[in-house]
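Student: So the chains spell out like this:
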Amino acid sequence: EPEVTQTPSHQVTQMGQEVILRCVPISNHLYFYWYRQILGQKVEFLVSFYNNEISEKSEIFDDQFSVERPDGSNFTLKIRSTKLEDSAMYFCASRAYGGLGEQYFGPGTRLTVT
Amino acid sequence: AQSVTQLGSHVSVSEGALVLLRCNYSSSVPPYLFWYVQYPNQGLQLLLKYTTGATLVKGINGFEAEFKKSETSFHLTKPSAHMSDAAEYFCAVSAPTGANSKLTFGKGITLSVRP
Chain A
1 EPEVTQTPSH QVTQMGQEVI LRCVPISNHL YFYWYRQILG QKVEFLVSFY
51 NNEISEKSEI FDDQFSVERP DGSNFTLKIR STKLEDSAMY FCASRAYGGL
101 GEQYFGPGTR LTVT
Chain B
1001 AQSVTQLGSH VSVSEGALVL LRCNYSSSVP PYLFWYVQYP NQGLQLLLKY
1051 TTGATLVKGI NGFEAEFKKS ETSFHLTKPS AHMSDAAEYF CAVSAPTGAN
1101 SKLTFGKGIT LSVRP
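Protein chains in written order, with the numbering used here: chain A, 1 to 114; chain B, 1001 to 1115.
Simulated from the structure, these hints should not be mistaken for lab results. Any given hint might turn out to be false.
To be verified - Rough simulated footprint, nothing fancy, chain B against chain A, three-plus residues with beta-carbon under 8 angstroms:
hint	region
1	25–37
2	42–53
3	64–72
As the list claims (entries may be wrong) - Some chain A residues judged to face chain B by a derived CB distance under 8 angstroms, without partners named:
hint	residue
4	E56
5	F91
6	E102
For glycine and all other residues, C-beta sits at the position ideal for the given N, C-alpha and C.
Chain A on its own, in the form it takes in the complex (with noise of 0.2 angstroms):
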C-alpha cells in the first residue's frame, strides 16, 4: 500500500541553525500538506501546498519558514534559522486530486532544538 515517508525520523539541530525536513508524498497525489504537533499540544496547519506554489498558509508559517517541490517526487519543509519553539513533531500529508478530503500523513520528523 502507498505510503507517505518522512526523513529523518529524529532531527537535532542547535538554535540559529537550518533545518530541511524531507517528504515524499503518494506518488499520484497532487495536494502536500505539513503540519506541525508541540508536544502536548494539537496537531497545527502549517501550509498548503499545489500546482507548484502555496495555497495557504497558518499564521505559524512566517518568513522563517519555506517549502518546496524539488523534483517529482520530493516536498520539503526548511526552516531558516530554528528557535527553540520550534521544538516539535512535524507531519508531511497528502492528498489526491479529487479525492474527498483525505489526507494520508507520513511517521513524522521529530525536531529538538537546543
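Fit chain B to the given chain A structure using the hints.
Tutor: Relative to chain A, chain B alone:
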C-alpha cells in the same frame, strides 16, 4: 473559520466495553469530518470520514461515527474495546474539498484499555 472540541484528554475503558469518544465541531460551511488515530511513535492513520450522504459512517477496526448536524457532533464509537485500540484519537474538520482543504484538529483524546 472551523474548530473542533474534544472534551477531556483521557478516556479509560475495560476490554470489551463500549468506547465513546466525543467530538463537537464548528464550521461556517458544510463540513467534512474525520477521525484519525495515532499509535505510539507512528503517524496519523485515517479511521473514518464523513463527507456527504449517510450520516452513520463505518471505519476500520470496528469503529463508527455519526454526523449529527443539529448537535454539531461527530462522536466516535466502538461496541467492544480491544487492547490494541489503546492510542490517541484526533477529530478533525475541513471545508469541502478544494485547494484550501486544510484539516483543523481537536487536541486529541488518549484511550486506555484495561484488561
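Student: Give a verdict on every hint.
Tutor: Hint check:
1. 25–37: holds (count 3)
2. 42–53: It holds: at least three residues are needed, and the region 42–53 of chain A offers 6 whose Cβ sits within less than 8 angstroms of chain B.
3. 64–72: violated (count 0)
4. E56: 5 angstroms, holds
5. F91: 6 angstroms, holds
6. E102: 5 angstroms, holds
Violated hint: 3 only; the structure is consistent with all others.
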